[in-house]
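Assembling the complex is the task here: the two chains are given apart, and the hints tell you how they should meet.
Protein chains in written order, with my numbering: chain C, 1 to 245; chain D, 246 to 496.
Don't read these hints as lab results, they were simulated from the structure.
Watch out, some of these pointers could steer you wrong.
[To be verified] Calculated pairs, DSS-like style, for lysine-lysine (alpha carbon to alpha carbon, straight line, at most 30 Å):
| # | chain 1 | residue 1 | chain 2 | residue 2 |
| --- | --- | --- | --- | --- |
| 1 | C | Lys126 | D | Lys262 |
| 2 | C | Lys207 | D | Lys327 |
| 3 | D | Lys406 | C | Lys139 |
| 4 | D | Lys327 | C | Lys73 |
| 5 | C | Lys139 | D | Lys327 |
[Stated by the list, open to error] Now the stretches of chain D that chain C is said to cover, found in silico as 3 or more residues with beta-carbon under 8 Å:
| # | stretch |
| --- | --- |
| 6 | 328 to 335 |
| 7 | 339 to 351 |
[As the list claims (entries may be wrong)] Which chain C residues stay away from chain D? Per the calculated CB distances, all over 12 Å, these:
| # | residue |
| --- | --- |
| 8 | Glu159 |
| 9 | Leu199 |
| 10 | Thr216 |
Where is the CB? At the ideal position from N, CA and C, for every residue including glycine.
Each chain, written out:
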Amino acid sequence: MIPAIEIRGAEKRFDHLLALNSVNLTIEQGEFFALLGPNGAGKTTLINLLSGLSRPSAGYLRVMGHDVVHDYKEARRNLGVVPQELVFDPFFSVRETLRIQSGYFGIQHNDDWIDEILSNLQLSDKAESNMRTLSGGMKRRVLIAQALVHRPPVIVLDEPTAGVDVELRQTLWRFIKRLNQDGHTILLTTHYLEEAETLCNRIAILKKGNLIKLDTTANLLKDSASGSLEEVFVSIMQEGVESTS
Amino acid sequence: MIGFRTLLIKEIMRFWKVSFQTILAPLVSTLLYLVVFAHVLSTHADIYPGVSYGVFLIPGLMMMAMLQNSFANSSSSLIQSKVTGNLVFVLLTPLSELEFYWAYVVAAMVRGMIVGTVVLFTALFFFKLPFENPGWILLFGCLSTIIASTLGIIAGIAAEKFDQMAAWQNFIILPLTFLSGAFYSISSLASPWDMISRFNPFLYMIDGFRYGFFSHSDVSPWLSLFIVGSVCVILLWVTLSILKSGWRLRG
Ligand SMILES: Nc1ncnc2c1ncn2[C@@H]1O[C@H](COP(=O)(O)OP(=O)(O)OP(=O)(O)O)[C@@H](O)[C@H]1O
Ligand SMILES: [Mg+2]
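The shape of chain D in the complex, shown without the other chains (with noise of 0.2 Å):
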């Protein structure tokens, strides 16, 4: 247990004495998409009843920031410590690879939470935003940042440089969270993109995350909790027998 809080620490110490681009650096940049999309659609109409637009993009946005950060968080971890080669200290020692992997996990999610919420205490200010069920927030919150930081772990470990890394960024990560309904509601989607859009679990994790907000969403929660739930399940499997193996670990 000392091993893994230990490590657990070190991450989140290593994103903190950096916190100006760890943390306010995409709190400033998510800041500027809620002003300036909710500003220049401040005349559409309501979303749900009674739910405007800007109102509408605080919990996308958020679930946004907390994705992209989280996924950031364990994967230039991991590709920092191979590159420079300081991730010998860590794979010397007798931490199992369940430890390793839950503390690159939470100390990602730590950073995605971090990033959410001072989005969300910010937004605030200028919005009313309901919370209608605060135990699914914090579980799609969870969930999601669980995934994040797995695909991270994942991309950390498969990357063998920075440039493959930011292909996994950008290619990947980018466009599930851009296309994943962060800033509109997909039933206002055109066939076949409302289709299409199904297949993104990205999706499920910011409606079910909007419906502890609005209790209003575009599909059931239950059935965004099932799916989140299942690719959590099944990526921490995957990340596990990745660890296990050595895969470009111990080579």
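Pulled out of the complex, with its shape left as it was, chain C reads as follows (with noise of 0.2 Å):
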């Protein structure tokens, strides 16, 4: 099977600043995947670099097998991206937005799966109202649904649930859940580790750009006395620091 996610020898630079250094990785379908590791540590940038917001200084990347600057048209049909970024047009509706980013993808007469998107995201009652008018959390929810118009089978969320209080994560998670059990793999990063802990089957750390760990959920659980995802992630954060130096 082709791998959902394929990604070799990719390097971003910035000046002077080596963003990535060739970080390889693959996702295979059908996973829940955490992308971890802390401020600074290349996430974003890796996710841009997928998503085609930013072109990679080396190597290449693949979506369903699609390249993701030759092959772009199909890489970003088969990707739906939340950004981190709390961005809005605030000239539309919740529903224009959906009904815009639909058309984008080449998709029209869309409302049915625009209001099952909505009614799983408890943003039915806003629909008509304007993006300008909606609360921090509700405008997050909105960008989900803009990710998922298209019905993408590989879905990045790059911290979908900062901003978003404990109830709607809940029922964020069991969409996001749901979404993976019929065949969407799911590639996340998150600062909350219990949700990584949780929901994701494998994880891969960064840091400085290097992607320094890479296992399943329950082997990096094993090795740590406690049993929690965050003792694990300190500890190999301080293993970092002590091989470097």
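Written out as structure tokens, the structure is:
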């Protein structure tokens, strides 16, 4: 089976900063995968390379077998990205936003699916509201809805739960889990490690642009005394400090 | 095709929802120019035989309004989307560079044409204007707004902040449109200004456009067509290269 995501020797350089250093990573279809790492580790940079918002300095990336640079149309059709930044277009209502996003992907008459997404994200009563009038957490949920309008097989969520309240976080994860059970591949970044621990089957840890750990969640937890991912994460980060000093 | 159409309609809705600012405001300022200049210079001798200064002024003002509004539309839409970050919604999609380009250009042309047309119809209440060669009017109207919209795209991509955008507007677009013969015939200019003016491509847009109304122009309409057409093709090529390179959009 073609991997959902295949990253080989991906490198990203910003002037003097090497934000990603030759990253290799393969994510199989159907995985629920966590990409972890401290602030500035390069998580968003890697996601930007995948989505085409940024171009690799070296190496290549594929989504469902499609090169993100040379075969960008197919790669992007197969990918839904929830950006980390809370962005929105103040000119439109929630429904208009989602219809427009569907249209960009060549999809018309998408209201049945849009209504389903909205109801799963508990946004149905906000469908006709202007984007400007939504709270931060609601805007975040619209961002998630926007990433799903074209039913992408691979879904990338860059800190989807930042600023979302507890109850909604649970509803949100139920929805994402269902998408995963339906066969969608999920790649997620988060700073709430217990989310990664309970949801994801595999975890990669980035640090200063290097992929320093890649293993199943079960294996990672096995190594720790208390059995919490947080402890594992902290100790891995410390190791890194020792080995680099 | 659906992708292109969606982006086009979105761009048209964007200015239409604030048409007070994007249509009505420029309309009022253009009509003020017309009223003031036509009044002050009403005793001016005819520019062309049988063409009074007020009548002569209308195509130039129309074209100036069309150019400025086309430019303003694509440039401000892009810079706003870049600064607020919502351009990612377009950049994440399978839209090609060509679809992206034409959607922004056509939407900007539509705004320019709406403003131009309303200026024209309002002016027709007060002046009697000939329409000698409607084909030339349309041709120069289209080519010129394509050029202005394309410049707007380049400016929108190049500028990283709103004040850089204002610099484009004030130091490039405004002087080029004002010094393009919108208010006068270049044959009335003293040397060396008549020579210098001839290097301004905007002059040929207005002169060719005016030929469509009066069958009278400072330079041959074919020369104007050649120059305006060439500028159009060069700018299209430059812009598509910029878009393909991902410069300032896909860092
Ligand atoms: N456009 C850019 N220009 C220059 N440097 C950049 C740019 N984008 C990111 N960087 C740098 O690259 C590094 C990685 O940033 P990135 O946003 O990928 O981190 P992250 O892992 O997503 O962090 P966070 O958890 O805070 O979101 C940082 O040092 C950042 O300053
Ligand atoms: Mg990030």
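Against the structure, the hints:
1. C/Lys126 / D/Lys262: Holds, because 20 Å separates the two Cα atoms, which is no more than 30 Å.
2. C/Lys207 / D/Lys327: holds, 29 Å
3. D/Lys406 / C/Lys139: Cα-Cα ~25 Å, so holds.
4. D/Lys327 / C/Lys73: Judged against 30 Å, a Cα distance of about 22 Å means the pair holds.
5. C/Lys139 / D/Lys327: holds, 18 Å
6. 328 to 335: holds (count 6)
7. 339 to 351: holds (count 3)
8. Glu159: holds, 15 Å
9. Leu199: holds, 24 Å
10. Thr216: holds, 30 Å
In summary, the structure agrees with every hint in the numbered list given earlier.
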